[in-house]
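The whole structure should be built from the sequences, with the hints applied where relevant.
There are 4 protein chains.
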Amino acid sequence: MQDYQSILNEIYSQLKETENKGKVADYIPELAKMDKESLGIHLRTGPDESFAVGDYATKFSIQSISKVFSLAKAFQLVGNDLWKRVGVEPSGNTFNYLSLLEWETGIPRNPFINAGAIVVADILLSNLKNPREDFIDFVRDLAHDETIDYNETVAESERETGFNNYAAANILKSFGNLENDVEDVLQFYFHQCSIMMSCEQLTNAFFVFCNGGRCMEDKKHLSRYKVKRINAIMLTCGFYDEAGEFAFEVGLPGKSGVGGGIVALLPNHFTIAVWSPTLNVKGNSYFGMKALKQFTDKTDLSIF
Amino acid sequence: MQDYQSILNEIYSQLKETENKGKVADYIPELAKMDKESLGIHLRTGPDESFAVGDYATKFSIQSISKVFSLAKAFQLVGNDLWKRVGVEPSGNTFNYLSLLEWETGIPRNPFINAGAIVVADILLSNLKNPREDFIDFVRDLAHDETIDYNETVAESERETGFNNYAAANILKSFGNLENDVEDVLQFYFHQCSIMMSCEQLTNAFFVFCNGGRCMEDKKHLSRYKVKRINAIMLTCGFYDEAGEFAFEVGLPGKSGVGGGIVALLPNHFTIAVWSPTLNVKGNSYFGMKALKQFTDKTDLSIF
Amino acid sequence: MQDYQSILNEIYSQLKETENKGKVADYIPELAKMDKESLGIHLRTGPDESFAVGDYATKFSIQSISKVFSLAKAFQLVGNDLWKRVGVEPSGNTFNYLSLLEWETGIPRNPFINAGAIVVADILLSNLKNPREDFIDFVRDLAHDETIDYNETVAESERETGFNNYAAANILKSFGNLENDVEDVLQFYFHQCSIMMSCEQLTNAFFVFCNGGRCMEDKKHLSRYKVKRINAIMLTCGFYDEAGEFAFEVGLPGKSGVGGGIVALLPNHFTIAVWSPTLNVKGNSYFGMKALKQFTDKTDLSIF
Amino acid sequence: MQDYQSILNEIYSQLKETENKGKVADYIPELAKMDKESLGIHLRTGPDESFAVGDYATKFSIQSISKVFSLAKAFQLVGNDLWKRVGVEPSGNTFNYLSLLEWETGIPRNPFINAGAIVVADILLSNLKNPREDFIDFVRDLAHDETIDYNETVAESERETGFNNYAAANILKSFGNLENDVEDVLQFYFHQCSIMMSCEQLTNAFFVFCNGGRCMEDKKHLSRYKVKRINAIMLTCGFYDEAGEFAFEVGLPGKSGVGGGIVALLPNHFTIAVWSPTLNVKGNSYFGMKALKQFTDKTDLSIF
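From first to last, the protein sequence lines stand for chains P, Z, X and A.
As numbered in numbering that gives the first Met the number 0, residues 0 to 303 make up the first sequence, in order.
As numbered in numbering that gives the first Met the number 0, residues 0 to 303 make up the second sequence, in order.
As numbered in numbering that gives the first Met the number 0, residues 0 to 303 make up the third sequence, in order.
As numbered in numbering that gives the first Met the number 0, residues 0 to 303 make up the fourth sequence, in order.
Treat the hints loosely; a few may be bogus.
[As the list claims (entries may be wrong)] Below are the DSS-like pairs computed for lysine-lysine, each with C-alpha atoms no more than 25 Å apart in a straight line:
1) A:K292 with X:K289
2) A:K225 with X:K225
3) A:K83 with X:K20
4) Z:K225 with P:K225
5) Z:K225 with P:K289
6) A:K289 with X:K225
7) Z:K281 with P:K219
8) A:K83 with X:K289
9) A:K219 with X:K225
10) X:K297 with A:K289
11) X:K83 with A:K292
12) X:K292 with A:K83
13) Z:K219 with P:K83
14) P:K281 with Z:K83
15) X:K281 with X:K15
16) P:K297 with Z:K219
17) Z:K20 with P:K20
18) P:K83 with Z:K83
19) A:K20 with X:K281
20) P:K83 with Z:K225
21) P:K225 with Z:K83
22) A:K20 with X:K292
23) P:K292 with Z:K292
24) X:K83 with A:K20
25) X:K297 with A:K225
26) P:K289 with Z:K83
27) P:K297 with Z:K225
Simulated from the structure, these hints should not be mistaken for lab results.
Structure below.
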């Protein structure tokens, strides 16, 4: 058996001595205010077993990590009908949110590029009674934590600078792939991105994807069929155009956000979340990528 | 414990009663001659344990499956220097062999698109003493089978119709990403594609990727580090623009060829090969995809 | 000397007997209501000499033809500073409004694709005191006709279905290439497109581009330098991805609109406008293209 | 009447005092050897009237200017059937020889991008009895000069470094848009590019495009119909992705080559050729562009 606490401590110390070449995302003013020095890791190896180091309990803006929650909820609600409106292929795009495919068909390549997540938000908007309340309740329920909430300042900050997302939503609307108003869909989408969670809350919530659809309290939220597929999409599409690199170096399904969080998991073994706000050039946490690479190297644990 | 033989039999019977909507690849005349009705599956669950059904012992043209062997050999020879000349990101391209990235940089996105495999062939050409002999010896060694060989008729057929590959190789040459002559590299590449193997020979040879780098006779060919990464590339890039779909529906690292073969594996558990010569619109075996989807559904075994 | 009236009559009769394979633009509901049978031609060969046939006096929605007026006004106001924010190269794009170039730089390729005209609208908004009033006054002044006006119903119809333009404007805004609010710029842009003019009013207004910058009443509106350049852009960019074809078959600078109007000119010789509301697959008037091709064939007059 | 000789002298003196920021094309070794200081201009205003300055009588490699001759000959031979295999639209591409269109259809956008000229070469190869002899005879005939010839050293130099052209030709072949062998077509194409001519020989030969299809000795080579269309293609496609800029600043149909030559014409008025071997970033002669811009500014002569 592995001494996980020592491994986490080791990674933490090493990173603290490493030059941080990443940069905080500054296109969203609220994110630019984060403390660059923050670093936390939380590892959950079972409902009652976890390990942690550093700022694992500090809440940060989960940003695109929320796309996994919205995908899970929409998949739960509409099943495979979801795939009529969004694909499951990696995008391979480096420079923008809309590939040629979207321009030609209005079908985003996958649910983790912004355009895809906007379609998922539209589906939730059409299928939830009180979208904002119901969605945050779903996340709270997965994490067993009622303190999780939206951050209105971040949501507003996203709206004010989200021209690319307005562009994407309008393209989708022009193809008839949004049922609701562009403004309504984006307001909901920006709120999803603004959710504040800590590393610990993330490993708790993601336990459902590691545990065949059952949360820490053993309640069934998703079928094995759906969990397998959500994990597959995390692996192939979870890190923008660095998805191949993450699969190659880390070898775990996972999802990153520009708030500096990364959460990953080994089915039936563990969930792990890292937070460090500075990003590499691909938009993924600079130290987060290093931490997870070291963790899988040291433990020799990966899906491959 | 699962009754693998019954599961294979069941899949085989079901497919035999299913309408075959696939089409044999006809751009290579030699491939067009294959018997459309052929169907074989071979499963290896350990060095001494295997299960099979149908035409599992018939040799066919492995085509792009050979790209895994050439990648493995080149990675073995030059290590991570390989990644200076080829990337590890999925291509997301549906319509051609060269993405914008190649046009702009001369660095193919990954070693499993043709342009990438041509770079790998160039590396082998520069690093093997007798490239054709040494390469086939490597494959024979992995499979423990001296009968494996090139098919000169298929190789010649590929050369005569391989204008796209000539185009790709010339682009790479123009960027200085081929050390050897275009004609020499392509002759070697076409020979790799022409290798004839059966499903059984494939599961034998791929056992090395399932077994942490050790072949069936426990000889170490590759490090765990390298095997993990080769498997990751199979998962993210092994099925052209259907890689996401295969990860989503099947959830195993694998590689397909236009000869109708698909081979896949679950690390530490099994290798499986299916052969049926008719292809779906994405160029992957129509029945092969169905067989593997059913196999992972019925056994509930996947990396996710 | 040519008998222009006979030539126009001949073209008109011939077209009236030709099967009309074009289709009325239906993405803007107001445009779909136009009478498909309408056909008018107006030719102006000097301030006091003109020829006409058919519905040359009926007003229609000039749509993208307005982009020539907005370019002329912006060029007049800011001079060559204009070209810091928009290019002069043909787009070569068939399928959408934003090419890769725009995605990468935020600089539209030319002022006649929608994204380019939206930048021009932004410039006018920043440089005109009362943008809507001042702009329509400029057009009235060129045409010597106070009856020319916006069509509020068409403008509103454009706004409600203009998701692509909202997308383009948001991309431009994200690159900092719009100074004003997206909504304000687009409201102004939609109004420009909604202007109603007849063939006769168009040849009157475009006389300034045929006459070295002087309008029919000999008032100097633009320098020779600017007129030459506006004409060049009409030639290379005036017909979307059919610009090459129009130069090839007709050989005149010109501009089309999805309302079915086309206006063209031979410097120092004539301006000509045709209107027929049904469009070919490239979005240019089906009969308009034929009429102008016949006119230059019969008269042997073109810039080439 | 204009004093053309003084204008040419003035342009020449001014350029001689201007810093030359261009660079000689070095990807073809033979071209890299040219004297950077060379500068010549030749203007022909009628069969018996011409003006010149500097190195107007020195022969240089005409490179892509030959594409106009091959287009003219192929158009003469097969008429409008030509347009089944190549388009007439500007390419708008900055970074390579093959746009997405070629990848998808095998039909080059126009006859002046390399892929298009390769198709034209294939047509000539199929329709001329002795292609190389007949083609050079055609050029000699237009220029009334038997000394014009291929440069075998340049042709061989092109072949050795022409990987991009091999790529393009193989793509065309894969689509069935080449009738002859790739090697044969390219050998002929490289020879065309290698033709050596002086500015004077170019204005003589291009007189046919300025004079409605009749050469200096009044022999009819091409119909008015064809000349009009060749001129249109020069205007819209003659300067790679600087075609819009050339139309905008100069306003004449013309064609450039990486040997540093540019030839342009005003129908019914003049042909003009400039040669200076250093190129701007778009691959057109740095001083050549400046000279022609000044010439049209000073004379106020252009098609617009």
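Check: Which of the numbered hints above does this structure break?
Finding: 1, 2, 4, 7, 9, 10, 13, 17, 18, 19, 20, 21, 22, 23
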